[in-house]
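Visitor: Residues per chain are reported as follows:
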Amino acid sequence: MNRDIYRVREDFAILNDEVAYLDNAATTQKPASVMAAVRRYYETQNANPFRGVYSLSEQATAEYERARACAAAFIGAKDNEIIFTRNASESLNLVAYSYGMNNLKPGDEIAVSIMEHHSNFLPWRMVAQKTGAVLKCLKCEPDGTFSDTAIAEAITDKTKLLAITCVSNVFGRVNPVRKLANMVHENGGIVVCDGAQSVPHMPTSVSELGADLLAFSGHKMLAPMGIGVLWGRYELLNSMEPFMQGGEMIETVHWDRVRYAEVPHKFEAGTVNVGGAVGLMAAIEYINSLGFDFIMAQERALTEHTLKGMKSINGVNVIGAEDAQHHEGIIAFTVDGVHPHDVSSIMNEAGVCIRAGHHCAQPLMDHLGVRSSSRVSFAFYNTVSEADRFLNRLDTIRSLMGYGR
Amino acid sequence: MNRDIYRVREDFAILNDEVAYLDNAATTQKPASVMAAVRRYYETQNANPFRGVYSLSEQATAEYERARACAAAFIGAKDNEIIFTRNASESLNLVAYSYGMNNLKPGDEIAVSIMEHHSNFLPWRMVAQKTGAVLKCLKCEPDGTFSDTAIAEAITDKTKLLAITCVSNVFGRVNPVRKLANMVHENGGIVVCDGAQSVPHMPTSVSELGADLLAFSGHKMLAPMGIGVLWGRYELLNSMEPFMQGGEMIETVHWDRVRYAEVPHKFEAGTVNVGGAVGLMAAIEYINSLGFDFIMAQERALTEHTLKGMKSINGVNVIGAEDAQHHEGIIAFTVDGVHPHDVSSIMNEAGVCIRAGHHCAQPLMDHLGVRSSSRVSFAFYNTVSEADRFLNRLDTIRSLMGYGR
Amino acid sequence: MEDRTFYNEVITDHNLHPLHKSDMDSPDIVLEGVNPSCGDEILLMLKVNDGVISDASYSGDGCAVSQASADIMIDMIIGRELSEARRLCGLFMKMIKSEATEEEIEELEEAGALENISRMPARVKCAVLSWRTLDEAIAGKE
Amino acid sequence: MEDRTFYNEVITDHNLHPLHKSDMDSPDIVLEGVNPSCGDEILLMLKVNDGVISDASYSGDGCAVSQASADIMIDMIIGRELSEARRLCGLFMKMIKSEATEEEIEELEEAGALENISRMPARVKCAVLSWRTLDEAIAGKE
Ligand SMILES: Cc1ncc(COP(=O)(O)O)c(C=O)c1O
Ligand SMILES: Cc1ncc(COP(=O)(O)O)c(C=O)c1O
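Protein chains in written order, with our numbering: chain A, 1152 to 1556; chain B, 1152 to 1556; chain C, 180 to 321; chain D, 180 to 321.
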């Protein structure tokens, strides 16, 4: 474990020795540079971009477009393929409304993996209901892999759209997006990827990924809440109808005719969130300055250490792969006889913040036969001593709850 | 003019003597207390709200709901009638998709005033196109009033929905929403109000307003970008279908059945913007601490002074009412023979920031026979000397552009 | 710190070894309580004679807080008048809001073990689920 | 400060008293340029003989920058070969990007009056509208 981590932690005012924040898959903390960038924007450059012909507005426009270019470079995309949204959920709904509602018809198939976050499941369920398309379920094994049989059942020559997460927020395992995408593309379908849990934790190249659209959230990667991204292949975005309509997304409006603006503006209705985009840019710059080598080494070491410790505790059952390498910083688990909400509360009493519940992936919970579960999830700024605090408390939980008394 | 204004200006780091920011209808600047509140949130309470059973998440939830209660009190609404959105445009699109697309049918009429911002026009145009409802235009007089004939033509017994702004961002005049709402309600229709230009500048009571739904933006009232509000009557919201779907807006999700969460959560898909909501709360507290008496007196004095000055300049034509009292801080105008973009650039050279273009109200521009116009708009933190700087430059524009040479 | 916990013996005992978690033949009143945010479910079953709760039991699924709280409540209300049971519900709510006097908490007997739940706002719903369900049901009857 | 302005006499003169703002009978080439963000519109009309622009005019509507720039451009390209006109377009773009040498700006004659537009990024589109339109059209012919 890199010892520099204590210097890195000083960038995060909220981190201290009292509380171990281990719910990073839900949202991350923000470094000082992000807070400073947002503040600098509001204190020196704030204006409504695009609309103004004066210098302040030009600066705001430039900052916003610089943030777009930064997000594009981060995932190997072109600038005009980046649409700023509020969060991954809005990005996915945008695709559902704009592409799904206008392109799918009865008989078409939408394949959705059983491990999707509700935000990449419910929009497609809605599209299926409203268009008459058929919703097909791509089932997974208990370790988070997809069998060839499951794939063959879910992806057919009628599959017009596949919705799949890059990394599940329960398993923490990297999905074989490229392989699945190739199958879908062969029959002319498109692939919508949920990158909420992958983009913050590993290098992303949209060309290598193989998907057509990719959604992610800023708040899960050190940026403020309220900013998210949808990436899409330019030609695809260009062929899609607008989603929300209003200011900024038009070229000309008359009572009886409208010309929409070009992509990406066509999909950004109303006053854009420059402050949020600037925050995301600062977050990406921070991530780049640390480098994914450091980030991934850090998160993997924490995951390995923690998983090993968990396996040695009686009555603790890890969800997903045996191997830490398939847990990208995320370990969901249950404790025999102890409800996950009680686990969380007992952890909280020891200053350990972990998640309890269905993790917005209830269909997966149903599939695994688990009502709900606990989840510990790491960011690079976590320490082994935080992981140990979690493990020590976990070790006492069953006895605290009266078992073996 | 209140002399304390110079102390108030110290709360806004971006304001200085070099640049007169007079584009406040587009977006406002942010006081230090708003910046501090957002920062305090991220530095001491940040977590994903609702989802966590640990203290940090409980604090984030409490802050978010406190912000909701604050926004509710600000407009005399109940807490659970406040939906946080990204901006007014999203609020209006939410209504268009959720109410409009699911409730209107061929033959129904949607009445939209000709002075609506594109964000309260385009969504209704889309709804009309997709549902077969008829879009009717409520025309206005050159001074921004509605004649009885125009009203009778636009609002009929088939009017299922009226979309009307409280205050136009071009005229700056308060519209008779209550009177129009009464007519629409008589025939069982509903009224969607755009409060983007009214809520920041005058006390609002949704019960007195008479509308069923009200949209506004935080960034136009001292809050950060990326947070907006939709207010709606509870029963109406409760009867509406969800708009965006995903995490947080559900109670239970299974592959084959879903139960949505209660209003307002039903309409807040994905991770909410706590930082933005906290910023909006601080903005409202700041406004409350100044008081609307002060704010309105300040903005009216500036408007009166400026309008008087503009009338004495040759070749300057004010759009809308003669009387400053019908210009709530907003004065749109043209200069004979000088294009509005040139006006703005020339103003910018003198450190004066004003808006040029169609102000996202192109149908109104068409109706008034104006291709585009300039607009000066005030906030309470502007000064008479800033207004004078604008007037002095305006006085020279035609001669700078070669007229009378 | 490692060993301090809200989960005292009263709570863990009632959770692991409930006294009244069982089905009931032909109950007079059946009440269902659901706490959707946690997934807690409670089914209360009461026999009532002349306004007195002569027997009660529950079944359910959920966290230790909700299940123990239900078991403790049932234990307290058996043999009491409906109005008296409602009064206890009121006291319990008061305690949760940190508004109860020492005597009132005393009167709540074992339910006093849940007093500190107010320190865990997200779990308050679990603690009050059975009490609220009972209270609303009796109120509906009156 | 009150009196300093980018709008020098060359620009205001060409805007108020354009030399080439007129219709043309049967032009050989008609080019339309639109700047949607400002609403500027330009219609360029050229007569071309043997690769030489023998006559040119424009009509349009828009800000002083776009209209003066068009008028200045037309004045410069009349009598030049198409390839030569394109070279001037290239020089103009270079100037706008602050990449032109002093000699190159000199060569642009009156168009040099627009040099400082780079200080007003939002207005650059207005200045280059006619030049870009001409350049693209000639490139399309080649
Ligand atoms: C009257 C009016 N309505 C709606 C809007 C749209 O607000 P936003 O861009 O914040 O969504 C604006 C401002 O641009 C406005 O002035
Ligand atoms: C895999 C996955 N997809 C989507 C989301 C939704 O992200 P957001 O809530 O920011 O819209 C999340 C996080 O909650 C997630 O973990």
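Some clues are possibly wrong.
From the derived model, a few chain A residues whose C-beta atoms are all more than 12 Å from chain D [stated by the list, open to error]:
id : residue
1  : V1204
2  : Y1205
3  : S1208
4  : A1224
5  : K1229
6  : L1387
7  : W1406
8  : K1459
9  : V1469
10 : A1472
11 : R1549
Facing chain C, from chain A, some residues (calculated, C-beta under 8 Å) [to be verified]:
id : residue
12 : E1359
13 : H1490
14 : H1492
15 : S1496
16 : I1497
17 : E1500
18 : R1522
19 : L1542
20 : L1551
21 : G1553
Below, simulated DSS-like cross-link-like pairs (lysine-lysine); rule was C-alpha separation at most 27 Å, straight line [unchecked claim]:
id : chain 1 : residue 1 : chain 2 : residue 2
22 : A       : K1229     : D       : K200
23 : D       : K320      : D       : K200
24 : B       : K1287     : B       : K1309
25 : C       : K273      : B       : K1229
26 : A       : K1330     : A       : K1256
27 : A       : K1256     : B       : K1281
28 : B       : K1290     : B       : K1229
29 : C       : K304      : B       : K1229
30 : A       : K1281     : B       : K1256
31 : A       : K1229     : D       : K273
32 : C       : K276      : B       : K1229
33 : D       : K276      : D       : K226
34 : C       : K276      : C       : K320
35 : C       : K320      : C       : K304
36 : B       : K1256     : A       : K1256
37 : A       : K1256     : A       : K1290
38 : A       : K1330     : A       : K1287
39 : B       : K1229     : B       : K1330
40 : A       : K1256     : A       : K1229
Honestly, the hints are just simulated from the structure, not real lab data.
Yeah, the Cβ is synthetic: ideal placement off N, Cα and C, and Gly gets one too.
Visitor: Does each hint hold? Answer for all of them.
Guide: Results for each hint:
1. V1204: violated, 5 Å
2. Y1205: violated, 8 Å
3. S1208: violated, 7 Å
4. A1224: Check passes; 22 Å lies beyond 12 Å.
5. K1229: Non-interface label stands for K1229(A): nearest chain D Cβ at 21 Å, farther than 12 Å.
6. L1387: Holds, because the least Cβ-Cβ distance between L1387(A) and chain D comes to about 23 Å, which exceeds 12 Å.
7. W1406: holds, 17 Å
8. K1459: Label holds. Min Cβ-Cβ 56 Å, cutoff 12 Å.
9. V1469: The claim holds: V1469(A) sits with its nearest Cβ about 55 Å from chain D, beyond 12 Å.
10. A1472: holds, 52 Å
11. R1549: Non-interface label on R1549(A) holds, nearest chain D Cβ at 65 Å vs cutoff 12 Å.
12. E1359: violated, 40 Å
13. H1490: Check passed: Cβ of H1490(A) comes within 4 Å of chain C, closer than 8 Å.
14. H1492: holds, 4 Å
15. S1496: Since chain C brings a Cβ to about 6 Å from S1496(A), closer than 8 Å, the hint holds.
16. I1497: At about 6 Å, which falls below the 8 Å cut-off, the nearest Cβ of chain C leaves the hint on I1497(A) intact, so it holds.
17. E1500: For E1500(A), the interface hint holds, since the closest Cβ of chain C sits about 6 Å away, which is under 8 Å.
18. R1522: Since chain C brings a Cβ to about 6 Å from R1522(A), closer than 8 Å, the hint holds.
19. L1542: violated, 11 Å
20. L1551: holds, 5 Å
21. G1553: holds, 3 Å
22. K1229(A) - K200(D): violated, 40 Å
23. K320(D) - K200(D): Holds. K320(D) to K200(D) sits at ~24 Å (cutoff 27 Å).
24. K1287(B) - K1309(B): holds, 11 Å
25. K273(C) - K1229(B): Holds, at roughly 25 Å.
26. K1330(A) - K1256(A): holds, 26 Å
27. K1256(A) - K1281(B): Roughly 16 Å separates the two Cα atoms, so the pair holds.
28. K1290(B) - K1229(B): Not satisfied, since the Cα-Cα distance of roughly 33 Å exceeds 27 Å.
29. K304(C) - K1229(B): Holds, because 22 Å separates the two Cα atoms, which is no more than 27 Å.
30. K1281(A) - K1256(B): At roughly 16 Å apart (the allowed maximum being 27 Å), K1256(B) and K1281(A) satisfy the hint.
31. K1229(A) - K273(D): holds, 25 Å
32. K276(C) - K1229(B): Distance ~23 Å between K276(C) and K1229(B) Cα, so the pair holds.
33. K276(D) - K226(D): violated, 30 Å
34. K276(C) - K320(C): Holds, at roughly 26 Å.
35. K320(C) - K304(C): holds, 23 Å
36. K1256(B) - K1256(A): holds, 21 Å
37. K1256(A) - K1290(A): With Cα atoms ~24 Å apart, K1256(A) and K1290(A) stay inside 27 Å; holds.
38. K1330(A) - K1287(A): holds, 18 Å
39. K1229(B) - K1330(B): holds, 23 Å
40. K1256(A) - K1229(A): violated, 31 Å
Hint compliance for this structure: hints 1, 2, 3, 12, 19, 22, 28, 33, 40 are not met, and every other hint is.
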